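Chemist: Kindly produce the complete structure, drawing on both the sequences and the hints.
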Amino acid sequence: MRLKHALIAASLTGAATLALAPTAQAAAPPDPNCLGARAFCLWYNSNQQGSVAGWDLSTGFQGFPNLKDAGRFLTPGEGQGVPVKNNAASATYQFPGQCRGDVKVFVNSGWSGPYDTVPACSAINLVKTKNDNASFLVN
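Positions -26 to -1, 1 to 113 (mature numbering (1 follows the signal peptide of the UniProt record, and there is no 0)) are the ones given, in order, by the sequence shown.
Please keep in mind that the hints were generated in silico from the structure rather than gathered at the bench.
Only a predicted model underlies this, so the values are computations on that prediction, with no experimental measurement involved.
Accuracy of the hints is not assured; some may be wrong.
What the hints assert, rightly or not - Under the rule of at most 25 Å between Cα atoms (straight-line distance), these lysine to any residue pairs were calculated in the SDA-like manner:
1. Lys102 - Thr33
2. Lys59 - Ala94
3. Lys104 - Gly75
4. Lys78 - Leu100
5. Lys42 - Cys73
6. Lys102 - Thr91
7. Lys59 - Asp76
8. Lys78 - Gly34
9. Lys42 - Pro70
10. Lys104 - Gln36
11. Lys104 - Gly71
12. Lys78 - Asn40
Modeler: Here's what the structure looks like:
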């Protein structure tokens, strides 16, 4: 699994910087490589494949109550240019050296309804929220 993440990181190193749609809330700077720093990423395809949207969580950013404010998948790969809301199939939550907490990805906006839990230092395929993800919250 680490080799897979290393290969993903290498392929994303030259990726274009993610841009987020303007929001009333201050969003964390995007982190397209999703490795190294504390970061949460949603991937367009299962198994952490395709285009990725990522957020640096080291700034205290706590998530989006509505992923329409999260912009689009902008790194090269399948799904590039597609809105993040209701289009993610997998996720990663990197928290190097601590591996504590989780991120919840919800079906509904406003952090409600069924959700998938992404534990720190893990990568999962979304099940309850696959292509039906409207918000996420860092715990």
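Chemist: Find the hints from earlier in the document that the structure breaks and name them by number, from lowest to highest.
Modeler: The structure breaks hints 1, 5, 9 and 11; every other hint is satisfied.
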